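Novice: Chains as they are written, first to last, in the working numbering: chain X, 273 to 685; chain V, 124 to 387.
Just so you know, the hints here were simulated from the structure itself, not pulled from any lab data. Computed from a predicted model, the values in this text were never measured in an experiment. For every residue, glycine included, the Cβ atom is placed at its ideal position computed from N, Cα and C. Don't take every hint at face value.
Think about it this way: if two alpha-carbon atoms lie no more than 30 Å apart in a straight line, the pair counts; the simulated DSS-like pairs of lysine-lysine are [to be verified]: (1) LYS139(V) with LYS446(X); (2) LYS291(X) with LYS271(V); (3) LYS267(V) with LYS291(X); (4) LYS139(V) with LYS500(X); (5) LYS573(X) with LYS271(V); (6) LYS573(X) with LYS267(V); (7) LYS292(V) with LYS573(X).
Estimated spans, in silico, between C-beta atoms of each pair [said to hold, decoys possible]: (8) PRO457(X) with ASP189(V): 33 to 43 Å; (9) THR264(V) with GLN314(X): 34 to 44 Å; (10) SER462(X) with LEU268(V): 36 to 46 Å; (11) GLY445(X) with ASP312(V): 17 to 27 Å.
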Amino acid sequence: MKFHWFHLMPYPYLPENFKERYRSVWVDLPAGEVYDPVKGHQVYNDYLDQLEYAESVGFDGICVNEHHQNGYGLMPSPNLMAAALARRTSKAKLVVLGNSVALYDPPIRVAEEMAMLDVLSGGRLVAGFPVGTGMDTAFCYGANPATLREKYREGVELIVRAWKTRQPFAFNGKYTQLRYVNPWPVPIQSPHPPIWIPGGGSIETWEWCVKNDFLYAYLSYWGYMSGKPVIDGFWETVERLGGEINPYRAGFLQFVGVADSDAEAERLYAGPAEYFYNRCFHIAPGYYNPPGYASVATIRKGITGQVVKASQHLRTASVRWQHLIDDGCIIAGSPSTIVDRLNDMADRIKVGHVMLLCHFGNMAHETVLYNTTRFARDVMPKLRHRFSEHEDRWWPKTALDVQKPAPIGVAAE
Amino acid sequence: MLTSQVVTLPGGRTSKVFRAGQGPIVVWLHGPHGVRGRDPVVAELARRHTVLAPLAPGFAEATELDDVRDVHDLALHYDDVLEALGLDGATVIGHSFGAMVAAEVAAHFPRRVARLVLISPLGLWREEEPVPDMFAVPYMTIDKLLWKDGAPCAEMADPADEPSDPIEKQVAVAQALTAVAKFVWPLPDRGLRRRLPRMTADTLIIAGADDPFVPASYVGAFAAAIRGARAAIIPTAGHMLPYEKPAEVFRLLDEFLDATVKAA
Numbered sequence: 273m274k275f276h277w278f279h280l281m282p283y284p285y286l287p288e289n290f291k292e293r294y295r296s297v298w299v300d301l302p303a304g305e306v307y308d309p310v311k312g313h314q315v316y317n318d319y320l321d322q323l324e325y326a327e328s329v330g331f332d333g334i335c336v337n338e339h340h341q342n343g344y345g346l347m348p349s350p351n352l353m354a355a356a357l358a359r360r361t362s363k364a365k366l367v368v369l370g371n372s373v374a375l376y377d378p379p380i381r382v383a384e385e386m387a388m389l390d391v392l393s394g395g396r397l398v399a400g401f402p403v404g405t406g407m408d409t410a411f412c413y414g415a416n417p418a419t420l421r422e423k424y425r426e427g428v429e430l431i432v433r434a435w436k437t438r439q440p441f442a443f444n445g446k447y448t449q450l451r452y453v454n455p456w457p458v459p460i461q462s463p464h465p466p467i468w469i470p471g472g473g474s475i476e477t478w479e480w481c482v483k484n485d486f487l488y489a490y491l492s493y494w495g496y497m498s499g500k501p502v503i504d505g506f507w508e509t510v511e512r513l514g515g516e517i518n519p520y521r522a523g524f525l526q527f528v529g530v531a532d533s534d535a536e537a538e539r540l541y542a543g544p545a546e547y548f549y550n551r552c553f554h555i556a557p558g559y560y561n562p563p564g565y566a567s568v569a570t571i572r573k574g575i576t577g578q579v580v581k582a583s584q585h586l587r588t589a590s591v592r593w594q595h596l597i598d599d600g601c602i603i604a605g606s607p608s609t610i611v612d613r614l615n616d617m618a619d620r621i622k623v624g625h626v627m628l629l630c631h632f633g634n635m636a637h638e639t640v641l642y643n644t645t646r647f648a649r650d651v652m653p654k655l656r657h658r659f660s661e662h663e664d665r666w667w668p669k670t671a672l673d674v675q676k677p678a679p680i681g682v683a684a685e
Numbered sequence: 124m125l126t127s128q129v130v131t132l133p134g135g136r137t138s139k140v141f142r143a144g145q146g147p148i149v150v151w152l153h154g155p156h157g158v159r160g161r162d163p164v165v166a167e168l169a170r171r172h173t174v175l176a177p178l179a180p181g182f183a184e185a186t187e188l189d190d191v192r193d194v195h196d197l198a199l200h201y202d203d204v205l206e207a208l209g210l211d212g213a214t215v216i217g218h219s220f221g222a223m224v225a226a227e228v229a230a231h232f233p234r235r236v237a238r239l240v241l242i243s244p245l246g247l248w249r250e251e252e253p254v255p256d257m258f259a260v261p262y263m264t265i266d267k268l269l270w271k272d273g274a275p276c277a278e279m280a281d282p283a284d285e286p287s288d289p290i291e292k293q294v295a296v297a298q299a300l301t302a303v304a305k306f307v308w309p310l311p312d313r314g315l316r317r318r319l320p321r322m323t324a325d326t327l328i329i330a331g332a333d334d335p336f337v338p339a340s341y342v343g344a345f346a347a348a349i350r351g352a353r354a355a356i357i358p359t360a361g362h363m364l365p366y367e368k369p370a371e372v373f374r375l376l377d378e379f380l381d382a383t384v385k386a387a
């Protein structure tokens, strides 16, 4: 099993009465009114420190992602964050989860920046390509939901082809036309970094990932029992298409809070968890699912309905710590409790890449470091052996022996 | 009595066209609800006319949209439909999204359309009074916003027209609104204002004074760009104007058609 430290980078200063005062944390939450850039300076630097710290205690990957116009996640450009991390880390893989390809014209920009990150980091990049949420794509970036998925697929195919071909070619697509496709630099990893697709439960994505040998990551905030039908759908697709049932071709997201006891966990983590679910997830229902965003097949499967239902539930109900624990949204408590639950998760959904949220909501910096340390020291070693019988083909292999970059020294007096 | 036929277009594409009534031909271009079996506007038009109502691409099958990539392709599609129906110098009446389509067809192909009625038309953007985002609500609740009473009139919500399975109903609504969204996302301005002066049709524009989507001021914006256009605003009416105020709408429409047909 591999463990990745995922930062959503939420804005931690949303007001107490946020839910009553604002209709949505995404799309139209007034930036000039709610976001304080001076506080933001501290927030970004703390968050990058936390990601770097995760490497130092032994996490395999550190993850960043892309969202727009919101207080939920402050990374409109995950590549900028990954660039900062590339210079200050040397072992952890940089899991960029990822770039919403349909938002870049031409999408070759993504091939360029990701290759830059791979070269800069010595071959440590994992290249993630999400469609992006309805909020990010259709509402914030004006992408047409009727064509978004087709444009996204074409963009990913162009990027992969550019990386594989490594000779100039012309591309005459439906959404992108380029006379000369020849992006510099080329990535260190050959033919290209592992490709991870964070999916929200769109069923066509399963088949696409299997056929192209992309990793499928299901980023759900509702725990592994609630996410099981989606992951099961993916494994059924792997089987149907004759693919190898290998846990390392799938990823899953999980909130964790490590402490000495359940009571201590509640004291440390209840506040930040309730902040996340009640404020960061306060999204106007109309922004979730613009017409065309979910395919007909996905609507028929009833998957999108669950997400919308959950968001609607959150609008009216106030989520309390005990619900989050009972529903498995957050796994918290003593190390042995967490090891048991993660073993149960491994048994039930058979996912080899686990993305951990050790920071959530408005968690204090010291608490984040404590949670991260405890997880790495008391939990991770007990789960390392899981799935060791499988080869992980969805992970960077050939990282250079990276010299930890350091500033050019100034001669001492 | 509403019947339908499938007309074949160049390249093997097709279009479903509904037909009702007898008399001089009028073309009805529907709004976001498509064409329903007991559609009262079609029924009223059919009392004195042969109504031909093509279903917009994407409403019958999502794949119909594959080769209709932008608003120019859409205008070409309707030019093909009118050609297949043998119509030149036609009388075209459109509502909402259908009125935007009607205006695009009349501007792209002025000789196709001799008389044009635009009811609550989408298609322009005024900086002073922007069109609100009709898609910023969950699409299954869009009727609450479109209809003055929060729900469609009985004829437009006839269970006979709708899948009984709730999931299939959701699919149908999503598919129809996707077809509309394709041509008006992120806001309904594909450059129609630049093309409107090309039109040669006699034109009547009607809007509801209380339309929550296309503010009544848009009537003036359309009228200013279309040579010789007549305009009318009907008090205490919303976006579903022809369904909400049929008597007022048809009085204006009949007057307009009588006058322009006589003049021709």
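Novice: Now tell me, hint by hint, if it's right for this structure.
Specialist: Now for the hints, and whether the structure bears them out:
For the given pair, LYS139(V) sits about 26 Å from LYS446(X) by alpha-carbon distance, which is consistent with the 30 Å threshold. Our distance criterion of 30 Å between C-alpha atoms is met by LYS291(X) and LYS271(V), whose separation comes to about 29 Å. Under the criterion of a C-alpha separation no larger than 30 Å, the hint pairing LYS267(V) with LYS291(X) is consistent with the structure, at around 23 Å. Straight-line distance between C-alpha atoms of LYS139(V) and LYS500(X) comes to about 42 Å, which puts the hinted pair past the 30 Å bound.
For the hint pairing LYS573(X) with LYS271(V), the CA-to-CA distance comes to about 33 Å; that exceeds 30 Å, so the pair is violated. Annotation: proposed proximity of LYS573(X) to LYS267(V) holds, straight-line Cα distance about 26 Å (limit 30 Å). The straight-line distance between the Cα atoms of LYS292(V) and LYS573(X) is roughly 14 Å, inside the 30 Å bound, and the hint therefore holds. PRO457(X) and ASP189(V) have their C-beta atoms about 36 Å apart, which keeps the hinted 33 to 43 Å range intact.
Remark: the range hint 34 to 44 Å for THR264(V) to GLN314(X) is upheld by a beta-carbon distance near 41 Å. For SER462(X) and LEU268(V), the hinted distance range of 36 to 46 Å is not satisfied, since their beta carbons lie about 53 Å from each other. Judged by the Cβ atoms, the range 17 to 27 Å given for GLY445(X) and ASP312(V) holds: they are separated by roughly 26 Å.
This entry does not satisfy hints 4, 5 and 10, going by the numbered hints stated previously.
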